[in-house]
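> Sequence:
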Amino acid sequence: MNAGGCTLDTLEGGKLRILQPERGYRFSVDALLLADFVRPTDGERILEIGAGCGVVSLLLAFHNPTLRIVSVEIQPQLAGLAARNAVMNGLETRMEVLCRDIRELSLRDIGTPADRVLTNPPFHKVGSGRINPRSQQALARHELTATIQDIVHAASRLLRKGGRFDLIYCPDRLTELMIAMTSADIEPKTMQFVHGNPGNPARMVLVSGVRGGRAGGLIVRPPMFVAEEKKEGAIGKAEIPFSGIDRKV
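Counting from 1, position 154 in the sequence shown corresponds to residue 154 in my numbering; the numbering is continuous, with no gaps.
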């Protein structure tokens, strides 16, 4: 379905409806992997940095009505879609959307320190690879507005002590991520690599850290395999988390 330059897609067997740009930035399997990786406890206050159309926040709010989520997105069109998606799914009382630059975000903006910050940040540095000519995709894939250091330090600033920082990232920048986390007083505690097929290098890595956590104790979970199809179209719906997805992304 097309809705004014957007498509209306569904997750969870049609129970969760998602408006996203038809030609702009669209969520993909990394967002679903992050949503599946996060394991919030009841009543958590969650901050999502770079929420896009809100799919990760929407999935978490859909599955746990006790969560209170603030979703921050710098791009006005995507922030507007995230807010519309929250209302369309009856989640607006649990999910607040802010159109802000996370480098300028303060505790006053979110009300209270978060129990958990999560993000699916741009994977690529400026100067690394071709920048997409479409601005939404370019901002989502390259560090045009915030670096990984900016994002990690914002997370540390907005987290309570003992709070969790969860993200999905690219393995070739894992060392850079670890340095950024420890320099921001976030100790890495859990890691899981995501592979396309057995025998292939990891495509993504899921990481969770604790603000003010003790050094050491990192647990590396068994790898996850997300089967790749040979034809263009990325991931088959049977192999992704939240497998109630009703179309490929």
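One or more hints might be untrue.
Result set (DMTMM-like, lysine to aspartate or glutamate): computed pairs, CA atoms no more than 20 Å apart in a straight line [to be verified]:
| # | residue 1 | residue 2 |
| --- | --- | --- |
| 1 | K15 | E92 |
| 2 | K189 | E44 |
| 3 | K161 | E92 |
| 4 | K189 | D109 |
| 5 | K161 | D109 |
| 6 | K161 | E44 |
| 7 | K161 | D42 |
| 8 | K15 | E44 |
| 9 | K161 | D185 |
To be clear, the hints were calculated from the coordinates, so they are not data collected in a lab. Since the structure is predicted, the reported quantities are computational estimates derived from the model, not experimental observations.
> So which of those numbered hints doesn't the model satisfy?
When the structure is compared with the hints, numbers 3, 4, 8 turn out to be violated.
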